[in-house]
Amino acid sequence: MNRKARVQLRHSLEANIRVTSAHKSTEDTLIISHTRVRERERKRYARRVGSGQQQKAVLCSWRGSESQRAAQTDARSRPASVGAEGSFATRSTTTSGANLTRLPCHARCPQAKQPSSPLLVRSTVATLFPRVPSGPALQLPRRAVEPIPAVTLEELKGAQSRIKERSAPGPDDIPNSALKIAIATRPDIFLRVYTTCLETGVFPSGWKRQRLVLLPKSGKPPDEPSSYRPLCMLDTAGKILERIICDRLEALTERPGGLSERQYGFRKGRSTIDAIEDVISTARNAVAGRRWFRGTKKYCAVTLDVRNAFNSARWDNILAALRRLLVPDYLLRIIASYFSARVLDYTTDDGPESYEVTAGVPQWSVLGPIL
401 MNRKARVQLR HSLEANIRVT SAHKSTEDTL IISHTRVRER ERKRYARRVG SGQQQKAVLC
461 SWRGSESQRA AQTDARSRPA SVGAEGSFAT RSTTTSGANL TRLPCHARCP QAKQPSSPLL
521 VRSTVATLFP RVPSGPALQL PRRAVEPIPA VTLEELKGAQ SRIKERSAPG PDDIPNSALK
581 IAIATRPDIF LRVYTTCLET GVFPSGWKRQ RLVLLPKSGK PPDEPSSYRP LCMLDTAGKI
641 LERIICDRLE ALTERPGGLS ERQYGFRKGR STIDAIEDVI STARNAVAGR RWFRGTKKYC
701 AVTLDVRNAF NSARWDNILA ALRRLLVPDY LLRIIASYFS ARVLDYTTDD GPESYEVTAG
761 VPQWSVLGPI L
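Just so we're aligned, residue 401 is where the sequence shown starts under the working numbering, counting upward by one.
Keep in mind that the hints were calculated from the coordinates and are not lab data. Fair warning: this is a prediction, and the values are worked out from it, not measured in the lab. Hints may be right or wrong, so weigh each one.
[To be verified] Straight-line alpha carbon distances no greater than 25 Å define the calculated DSS-like cross-link-like pairs of lysine-lysine that follow: (1) K608 with K580; (2) K620 with K564; (3) K620 with K557; (4) K580 with K513; (5) K564 with K580; (6) K617 with K513; (7) K513 with K668; (8) K620 with K513; (9) K580 with K557.
Just need the whole structure built from these sequences, with the hints factored in.
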């Protein structure tokens, strides 16, 4: 090999080494950068959890040792066949420590514990659940020939299949797994009960009691009523009846002449993405001069946020809207009963207290969104 060839070979090898080193350096840089990003994300997540800002549903303690012993006692007194099927007592005592049930992180984290000051809790309840004067009571006497479809087994199974077994129970403290076992064992009893509710237009008063859980909002001062978001815990047996009513309502509101085509929230097959696409399409037409008369390109967007909408909606307005949608009288009667005589239970340092609710729909209820 002559001298020129050796020089060319050496330069080629040096170039390959530089390229390889640069590539290796780039890989190292990417790995280090990725590691740093992951570390920053981990620290940010840890700070968010520490400050009570995580809002995902997690398993958290809901009962102490007394209820655990009571569940164990109930399990021993229950027939063996029920326990073999995975009864609520069997499942609730297999966890280590206190019994666990699914609640938002705000109710679990020590940094975001429930407010207990009587003055703060009472003022928060009064702020979140304002007193609204009710209109005239809905008078819909049942007609002799009014058809009221009985609750079918398919409706009952569809409603109970949507129950999450590990979700927290309502004020009756009946675990969802136990209720699902009872429905599977004797569906005829539940069919008679729910059909009777529809026929009489009565939503049982026990299922209208709601236990209040106040969730702290992130970054808000803990001594202000507006710093909390209400969560209402309801009996699951009542939520099954709500689901049956809701499914029948949706069959009416989704038909032609029902809800507006511009209504995107709380509807099957629709989301905020559809609303955003509608806004973008309208803006593009406006910019192109095709939206309004004489092709003006001036446009604006107006947004409106109704404060505390879930808890402030007037019941008479909701019922009037349902009548305009030609909802059958039997559904109007039971929804009017669902609204009446609602009671909110909460606890302070002075003990348990109750509050009469006069407007709105319970958050985390089944009927709330559609109403």
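* To do: Tell me, in ascending order, the numbers of any earlier hints that this structure violates.
  => 2, 3, 4, 7
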